[in-house]
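Asks: Okay, here's what each chain looks like letter by letter:
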Amino acid sequence: MTKRRFNKTSKCRFCRMGIDEVDYKDSQNLPKLTTSQGKLFSRKRSGNCAHHQHSVKVSIKRARFMALLPYVT
Amino acid sequence: MKEEINVRMYEGLFLLDNAQASLEWDNVVKHIHDILQKNGAEILKSEKWGEKKLAYKINGHKRGTYLLIHFHAKHSAITTIKRDFQLSDCIIRSLIVKDDKIEELSQVVPAEGGAEKTIDKLPEPVEKDLQAADASSKTADTV
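First to last, the sequence lines map onto chains A and B. Note that the working numbering has the first sequence beginning at 117, numbered continuously upward. Note that the working numbering has the second sequence beginning at 1062, numbered continuously upward.
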């Protein structure tokens, strides 16, 4: 049997911080997950797990609607 | 039992016209509270986020004032609340979101003075957010 290797630290930043759901008012983290044009980073680029990537997607779209983040710059 | 299930916790963020908000802030806030209370909502917390530069122009507005309100309401009342906000002049945009996380907190805390304790436990540090948001908007300007 081959030895299984474990990553001790999670790749997902929200898992590491222990945040359950991403808030659309979180203006510290959300801009880091968008490109300079204002597009969403891919799951591969952001390193988020499926749950948090979904949550980020929803919250960025809410923040855009309330003019907290730009649709396009 | 059914009514208990229908009443939920909601979080509303309102983007207000800066001209009206700076002149008569109390009246604008009262107007919004009246709309909510008319539809049977119970307001738990209402706080001003302050004036901010918008990420893009909305109907010619470059700046706006944000108001964050947490309230209990029946889910059937939300559609009428949303319609009333759309019809009012001083509100540029409004977003109402279900907020179950705070509801859990309020259930844990005993009933007496429960609202105050939940206010203390709210997750978002608003001032920090604002500062960060201002910083980000400044960086956005430079880009």
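Check before you lean on any hint, since a few could be wrong.
Cross-link-like lysine-lysine pairs, in silico, DSBU-like; alpha carbons within 30 Å at most [claimed, not checked]:
| id | chain 1 | residue 1 | chain 2 | residue 2 |
| --- | --- | --- | --- | --- |
| 1 | B | 1135 | A | 177 |
| 2 | B | 1114 | B | 1159 |
| 3 | A | 155 | B | 1135 |
Keep in mind the hints are simulated off the structure, nothing from the lab.
Asks: All hints are to be evaluated individually against the structure, with a verdict given for each.
Replies: Now the hints, each set against the structure:
no.	hint	verdict
1	B:1135 <-> A:177	25 Å, holds
2	B:1114 <-> B:1159	26 Å, holds
3	A:155 <-> B:1135	36 Å, violated
In summary, the structure is inconsistent with hint 3 from the numbered list given earlier, while agreeing with all the others.
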